[in-house]
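Student: Listed here are the chains, written in short residue letters.
Protein chains: 2
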Amino acid sequence: MTTIDSIDNGVNVQALLDAREALKGSPEAAQFTWRATTRWENGVHSTTTVKNFFGLGAEQTHKAESVFAADHPEVFAAEDNGITPIEYLLVGLASCLTGGIASVAQNRGIQLRSVEATVEGAHDIRGILGADSDVRNGYNGIKVTFNIDADASKEDIEALVAQSQKRSAVFDALTNPTDVTVEVA
Amino acid sequence: MTTIDSIDNGVNVQALLDAREALKGSPEAAQFTWRATTRWENGVHSTTTVKNFFGLGAEQTHKAESVFAADHPEVFAAEDNGITPIEYLLVGLASCLTGGIASVAQNRGIQLRSVEATVEGAHDIRGILGADSDVRNGYNGIKVTFNIDADASKEDIEALVAQSQKRSAVFDALTNPTDVTVEVA
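Residue numbers (the numbering used here), protein chains in the order written: chain R, 37 to 221; chain P, 37 to 221.
Worth flagging that the hints you see were computed from the coordinates, not collected in a lab.
One should not assume that every hint holds.
Below, computed lysine to aspartate or glutamate pairings styled on EDC-like, alpha-carbon distance capped at 16 Å [what the hints assert, rightly or not]:
(1) K202/R <-> D54/P
(2) K60/P <-> D170/R
(3) K87/R <-> E115/P
(4) K179/P <-> E219/P
(5) K87/P <-> E110/R
(6) K99/P <-> D116/R
(7) K179/R <-> D215/R
(8) K179/R <-> E152/R
(9) K87/P <-> E110/P
(10) K99/R <-> D170/P
(11) K87/R <-> E101/P
(12) K87/R <-> E101/R
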């Protein structure tokens, strides 16, 4: 029989609980700035790098620089040198909810064996093409479906997913509006 | 002197204008479904793959499968095997606006020499940690700054950026709410 002490989803929940308590008393340390730099290549092909961020009152750095290509597919008369920008939102959403599930499972003493998410975003491209001004540019809707194998009932698994959604940074960013300012230097 | 015929930002604008006209008469072909699949690795580390999508009435495929790692940084007591999920939103936003600038410049006969975007997202992590229920989980705000070298006045360059923003799928997705459904299979 699995005991709660032997549960290991690889999440250091105690560190997160300690951070929660510590940041209650020092909100300035909780102010993070995430950053990316994008360089135009040619056509709609661009390269984005992510390396540094600010948080806990200091400059921080990822262990490695990550580089991401974006482009349009060949059906848009482009070269398909990378996924489309809007697909990056799906990457962020599914990975955020998946990480959250592991964290919540650890906190609740539920051993995960496997988690897989499939995410689909419905997009009417008449918006971005300017073919119909009543059609929005972004997604009309997004659906995420989880397949989870864990030492838990279906009900407990559904509660895990619900709690992950409740705490998800990306779920919030997509379902609620955010101010975005765009400037020319 | 540069003439409009010699402008080449690598965007096939005529194909996009043709697509706009064609899709006005066949809205069903404009319905795209973008997809991603995420597999949990360990802790909050996951791997997301993007390969296939649906559009123009048929299954489509990218030239190559793209694979993306997401994780938390070491300051969150994780292994930093990839960028955080919320950083993927910045990748999508900056690449979307950058590609749009190239497209609009091509349509307006403006030769681009270089485009670079820096994007910063302000994030109060007390939200995701549950340290303060009045703090949202997502970004408090995002700022994108463009440095553009082009055969155009500052005013024309600002108009390019404004038009790109107006047609951007990701700008819309972040500044306006989208329905997201999360289910367990």
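Student: Need the status of pair K99/P, D116/R: alpha-carbon distance at most 16 Å?
Tutor: With Cα atoms ~6 Å apart, K99/P and D116/R stay inside 16 Å; holds.
Student: Take the C-alpha atoms of K179/P and E219/P, compute the straight-line distance between them, and say whether it is at most 16 Å.
Tutor: violated (32 Å)
Student: Hint check: K179/R vs D215/R, CA-CA at most 16 Å. Holds or violated?
Tutor: This hinted pair is violated, its Cα atoms lying about 24 Å apart.
Student: Checking one constraint from the list: CA of K179/R to CA of E152/R, max 16 Å. Satisfied?
Tutor: Distance ~14 Å between K179/R and E152/R Cα, so the pair holds.
Student: If you draw a straight line from the CA of K99/R to the CA of D170/P, is it 16 Å or shorter?
Tutor: Roughly 32 Å between the alpha carbons, so the hint for K99/R and D170/P is violated.
Student: For the pair supplied as a hint, K87/R and E115/P, is the alpha-carbon distance within the 16 Å limit?
Tutor: Satisfied, since the Cα-Cα distance of roughly 15 Å is no more than 16 Å.
Student: Against the 16 Å threshold, does the CA-CA distance of K60/P and D170/R hold or violate the hint?
Tutor: Distance of about 12 Å is within 16 Å: holds.
Student: Between K202/R and D54/P, is the straight-line Cα distance small enough, at 16 Å or below?
Tutor: violated (43 Å)
Student: Is K87/R close enough to E101/R, meaning Cα to Cα at most 16 Å?
Tutor: Holds, at about 5 Å.
Student: Are K87/P and E110/R close enough, with their CA atoms no more than 16 Å apart?
Tutor: holds (13 Å)
Student: Between K87/R and E101/P, does the CA-CA distance stay at or below 16 Å?
Tutor: Violated, at roughly 23 Å.
Student: CA of K87/P to CA of E110/P, is that 16 Å or under?
Tutor: violated (30 Å)
Consistency note: the structure conflicts with the earlier hints numbered 1, 4, 7, 9, 10 and 11.
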